[in-house]
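Protein sequences, first through last, are from chains A and B.
In this text, residue positions in the first sequence follow my numbering: the first is 1, and each later residue adds one.
In this text, residue positions in the second sequence follow my numbering: the first is 1, and each later residue adds one.
Read the hints as simulated data drawn from the structure, not as lab findings.
Yeah, the Cβ is synthetic: ideal placement off N, Cα and C, and Gly gets one too.
Treat the hints with caution; some may be incorrect.
Said to hold, decoys possible - As a list, the in silico DSS-like pairs of lysine-lysine whose alpha-carbon atoms are at most 25 Å apart:
1) B/Lys63 - B/Lys93
2) A/Lys250 - A/Lys228
3) A/Lys75 - B/Lys63
4) A/Lys35 - A/Lys301
5) A/Lys75 - A/Lys228
6) B/Lys335 - A/Lys228
7) B/Lys142 - B/Lys305
8) B/Lys25 - B/Lys142
9) A/Lys75 - A/Lys29
10) B/Lys63 - B/Lys142
11) B/Lys316 - A/Lys314
12) B/Lys93 - B/Lys42
13) B/Lys93 - B/Lys25
14) A/Lys269 - B/Lys25
15) B/Lys335 - B/Lys388
16) B/Lys142 - B/Lys42
17) A/Lys308 - B/Lys142
18) B/Lys342 - B/Lys394
19) B/Lys258 - B/Lys305
20) A/Lys314 - B/Lys388
21) B/Lys25 - A/Lys301
Said to hold, decoys possible - Simulated DEER-style distance windows between Cβ atoms:
22) B/Met105 - A/Pro110: 23 to 33 Å
23) B/Lys321 - A/Asp300: 27 to 37 Å
24) A/Arg232 - B/Gly56: 34 to 44 Å
25) B/Asp134 - A/Pro70: 40 to 50 Å
26) A/Asp100 - B/Arg261: 14 to 24 Å
27) B/Gly360 - A/Glu26: 50 to 60 Å
28) B/Arg393 - A/Asp100: 24 to 34 Å
29) B/Arg159 - A/Pro70: 45 to 55 Å
30) B/Leu331 - A/Val326: 26 to 36 Å
31) B/Gln20 - A/Gln92: 43 to 53 Å
32) A/Glu26 - B/Val115: 29 to 39 Å
33) B/Leu331 - A/Gln236: 23 to 33 Å
34) A/Asp104 - B/Pro128: 28 to 38 Å
35) A/Thr105 - B/Arg159: 47 to 57 Å
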Amino acid sequence: MAANPTTESGLDLSWLDLYEDATSAEPGKKGLTLKEINLGRYADSARGAGDMTYRMRGAIPRPGAQRFGPNYQSKADVWAENCLMLYEEATQRQWSSARDIPWDTLEPLPDELERAMCQLATMLTEVEFIAGDVPGQWMPFVSAQDFEAGLFLMTQIMDEARHTDVFRKRALANGGGLLAQGAGLGLRTLIEARDFTEMSVLMHVQAEGFVQSMFRMGELIGQTEADKRIFRMSAQDESRHLAFGVMHLKYVLDTEPERREEIHHYLDKAEGDAAGGGSGDVTFPPVFEALCILLGGGVDKFDEGLQKFLLLRKRQINEYVHRLTVAGLGDRRQRLGPLMAQFLDPA
Amino acid sequence: MSTGEALARAAQATQVEIPQEARDKARELGWEDGLIELALSKGHSLQVIWQALRAGVDGERAKEFLQGGQAAIPRDLSWMNVPTEWGIRARPKDPAMGLTIADLMIGTYGDVPDVWTNRSEIARGSYPNPIVEDMGYTIFEKALVWADCCVPLYEEAIRDRWVSATDLNWNSLEPLPHDLERAVCQFMTEQSERAYFTGALWSGWLPEISYGFLELKLFLSTIIYDLARHSEAFRKRALANGGGLGLQAPTDFSRVAKEARSFPELAAILFVQDSMLYTLFSQGDRFAQNELERDLYRFVARDRKRMLDYHIERMKHMLFKLPDRRDEQNLYFNKAESRMGKDWVDPAVSEPLAILLGGGVANIDEGRRQLRELRQLQVDNYLADLRKATFERKHINGRLEQAARA
Numbered sequence: 001m002a003a004n005p006t007t008e009s010g011l012d013l014s015w016l017d018l019y020e021d022a023t024s025a026e027p028g029k030k031g032l033t034l035k036e037i038n039l040g041r042y043a044d045s046a047r048g049a050g051d052m053t054y055r056m057r058g059a060i061p062r063p064g065a066q067r068f069g070p071n072y073q074s075k076a077d078v079w080a081e082n083c084l085m086l087y088e089e090a091t092q093r094q095w096s097s098a099r100d101i102p103w104d105t106l107e108p109l110p111d112e113l114e115r116a117m118c119q120l121a122t123m124l125t126e127v128e129f130i131a132g133d134v135p136g137q138w139m140p141f142v143s144a145q146d147f148e149a150g151l152f153l154m155t156q157i158m159d160e161a162r163h164t165d166v167f168r169k170r171a172l173a174n175g176g177g178l179l180a181q182g183a184g185l186g187l188r189t190l191i192e193a194r195d196f197t198e199m200s201v202l203m204h205v206q207a208e209g210f211v212q213s214m215f216r217m218g219e220l221i222g223q224t225e226a227d228k229r230i231f232r233m234s235a236q237d238e239s240r241h242l243a244f245g246v247m248h249l250k251y252v253l254d255t256e257p258e259r260r261e262e263i264h265h266y267l268d269k270a271e272g273d274a275a276g277g278g279s280g281d282v283t284f285p286p287v288f289e290a291l292c293i294l295l296g297g298g299v300d301k302f303d304e305g306l307q308k309f310l311l312l313r314k315r316q317i318n319e320y321v322h323r324l325t326v327a328g329l330g331d332r333r334q335r336l337g338p339l340m341a342q343f344l345d346p347a
Numbered sequence: 001m002s003t004g005e006a007l008a009r010a011a012q013a014t015q016v017e018i019p020q021e022a023r024d025k026a027r028e029l030g031w032e033d034g035l036i037e038l039a040l041s042k043g044h045s046l047q048v049i050w051q052a053l054r055a056g057v058d059g060e061r062a063k064e065f066l067q068g069g070q071a072a073i074p075r076d077l078s079w080m081n082v083p084t085e086w087g088i089r090a091r092p093k094d095p096a097m098g099l100t101i102a103d104l105m106i107g108t109y110g111d112v113p114d115v116w117t118n119r120s121e122i123a124r125g126s127y128p129n130p131i132v133e134d135m136g137y138t139i140f141e142k143a144l145v146w147a148d149c150c151v152p153l154y155e156e157a158i159r160d161r162w163v164s165a166t167d168l169n170w171n172s173l174e175p176l177p178h179d180l181e182r183a184v185c186q187f188m189t190e191q192s193e194r195a196y197f198t199g200a201l202w203s204g205w206l207p208e209i210s211y212g213f214l215e216l217k218l219f220l221s222t223i224i225y226d227l228a229r230h231s232e233a234f235r236k237r238a239l240a241n242g243g244g245l246g247l248q249a250p251t252d253f254s255r256v257a258k259e260a261r262s263f264p265e266l267a268a269i270l271f272v273q274d275s276m277l278y279t280l281f282s283q284g285d286r287f288a289q290n291e292l293e294r295d296l297y298r299f300v301a302r303d304r305k306r307m308l309d310y311h312i313e314r315m316k317h318m319l320f321k322l323p324d325r326r327d328e329q330n331l332y333f334n335k336a337e338s339r340m341g342k343d344w345v346d347p348a349v350s351e352p353l354a355i356l357l358g359g360g361v362a363n364i365d366e367g368r369r370q371l372r373e374l375r376q377l378q379v380d381n382y383l384a385d386l387r388k389a390t391f392e393r394k395h396i397n398g399r400l401e402q403a404a405r406a
């Protein structure tokens, strides 16, 4: 740090010439994104040691800066290589549940279908509520040395708020209401996590993965154009959360391969405790029945709906294992709990 | 061959591992040993058996079914008739805003209770399950957190969203004199860190707030998202015009916010910051060096205004509901003002602003005069904001008073 050259005018100016390199990031095709400013000594690749303050990566350390309590000191603890891109994508793709859903296309549905849709919305508004709290819980531990991961989590908090509100809106917009609270949805496992990677693999990869597989069947589940749009828009957001989780897991396994067994342990617990359902558990009886009714097209077509429900489970499980394989945890296939393994396609 | 052996063979043939959870549940429901294996041998999938167990099918009924009778999974459907308010058809009151969360505040769904008693993540207005785990929330009292304005502000925040990458004209930047560019960069470094820190701080409080105050949590989520954008936008500006990041921000004010032991304390401390920053950014035209910075400060000020509106109304509401806590607030304001005063006199905070206000180091006397004016305006507006919240702060902390005059 430069000496303190108090000037004639009484200025200190010790902050003025602390660095000599000049940085001029140029906007790219998508404007000036985090990618364009990830350069030189400011890049994530130039990350130095953290210091338990909120000093942004590349800023000059302040002598005498107070600590703020523990946060993650190792990049691998929170990092995903795609978080810069995912952050910018999130800012570009924010949507409004108030105005981007064609609420005026809602039409009265047969009572059993409306009730089934409202039950599903009740469960989803509950699940999405927790999905905002969970990243919130971890934000204070994400060092500003890895601020892009933190920024991404803040977009996720916003996304989950929107999902919480859009499913509540759906339940209250078409002559229905909220129905039965979920129970045993496996949501406690998310908030119980005591490590960022544990949280991420359980929430981003497993729970949001299951929810994403369901949203992608929204064309079959949704009864109106508004319902289908809700699932499509929400799926778009979930894809980002899922992509962060997969790439975080990959980063951990690539850089700290000794954590493999530890991560299996978290999954053993989550898959076992939820008896194969995991968070976003669609086997909770009211949700299971609601889905069978929606997928079948009515109570009288419940068995037809059940067959589609089993297809949904098959899709959820196979996509889950595929994502783990992409992240480098392909050996999970051999350890999958029986309630999941029954749906697994041959490798 | 005994029946047991036959069943064991049948189970083997299916090559399905039966989870312990399923066996435990079956025992709890009075299923005879071997019944799950029998169901599997008859071609029923483990998933269907699991659904029957989760639906509470008892041993007798399961046996009857396997002997060829009833449906495996009873159509319970009791959730269809739980006693929640039914027949709700929310409609947009303002078509330009669309279907807002304010439009959902109808019937019992609009009741925000003074005290929320459910410890689970139940959606307010849904039918409670009697046996659920405690999710660990700690804030159940409306008076501590609530402000009616959070309902419209949530939707306004979404409507007013902006994107730093594309809503700011980065191509308009032109080289500035060295002292001005460095002053801009130092200011950006400080503000980027403050925004990131405050976003992380608010985030950490989200899991403390129970579902009774859902709309507040939704609004806080927009604050967190705004702060993420501020942090990256300030960083981008620092790195876009021949400068760089300077000295990290002073830590005194941020530490006092981090030290808050309760939500009201946190909110009181951030009231001070958010009021001061709103005034600062709303005066951004005075120290902006170009069009991009003017736009950036305008966007930030608009976001900060929502935060400030929340603080004012929350404080007013709390003081109305909990008048015995009025004097206590002075303790938090005093701490916050003191630390802010300390930050304000830090050369890396005051000098960049004075240089920008004056138009360069050469005009530092004019810059200092303008900074004193700006600081006084921040203090005056802060006291006015407190008055809007029905709080009369008779004496601000001496350190802040001195810092404003420095």
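Evaluation of the provided hints:
no.	hint	verdict
1	B/Lys63 - B/Lys93	violated, 56 Å
2	A/Lys250 - A/Lys228	violated, 32 Å
3	A/Lys75 - B/Lys63	violated, 56 Å
4	A/Lys35 - A/Lys301	violated, 51 Å
5	A/Lys75 - A/Lys228	violated, 39 Å
6	B/Lys335 - A/Lys228	violated, 51 Å
7	B/Lys142 - B/Lys305	holds, 23 Å
8	B/Lys25 - B/Lys142	violated, 40 Å
9	A/Lys75 - A/Lys29	violated, 29 Å
10	B/Lys63 - B/Lys142	violated, 51 Å
11	B/Lys316 - A/Lys314	violated, 53 Å
12	B/Lys93 - B/Lys42	violated, 57 Å
13	B/Lys93 - B/Lys25	violated, 49 Å
14	A/Lys269 - B/Lys25	holds, 18 Å
15	B/Lys335 - B/Lys388	holds, 21 Å
16	B/Lys142 - B/Lys42	violated, 56 Å
17	A/Lys308 - B/Lys142	violated, 44 Å
18	B/Lys342 - B/Lys394	holds, 20 Å
19	B/Lys258 - B/Lys305	holds, 22 Å
20	A/Lys314 - B/Lys388	violated, 58 Å
21	B/Lys25 - A/Lys301	violated, 28 Å
22	B/Met105 - A/Pro110: 23 to 33 Å	holds, 28 Å
23	B/Lys321 - A/Asp300: 27 to 37 Å	violated, 52 Å
24	A/Arg232 - B/Gly56: 34 to 44 Å	holds, 35 Å
25	B/Asp134 - A/Pro70: 40 to 50 Å	violated, 26 Å
26	A/Asp100 - B/Arg261: 14 to 24 Å	violated, 40 Å
27	B/Gly360 - A/Glu26: 50 to 60 Å	violated, 26 Å
28	B/Arg393 - A/Asp100: 24 to 34 Å	violated, 43 Å
29	B/Arg159 - A/Pro70: 45 to 55 Å	violated, 38 Å
30	B/Leu331 - A/Val326: 26 to 36 Å	violated, 53 Å
31	B/Gln20 - A/Gln92: 43 to 53 Å	holds, 47 Å
32	A/Glu26 - B/Val115: 29 to 39 Å	violated, 55 Å
33	B/Leu331 - A/Gln236: 23 to 33 Å	violated, 47 Å
34	A/Asp104 - B/Pro128: 28 to 38 Å	holds, 33 Å
35	A/Thr105 - B/Arg159: 47 to 57 Å	violated, 21 Å
The structure fails hints 1, 2, 3, 4, 5, 6, 8, 9, 10, 11, 12, 13, 16, 17, 20, 21, 23, 25, 26, 27, 28, 29, 30, 32, 33 and 35 (numbered hints given earlier, in ascending order).
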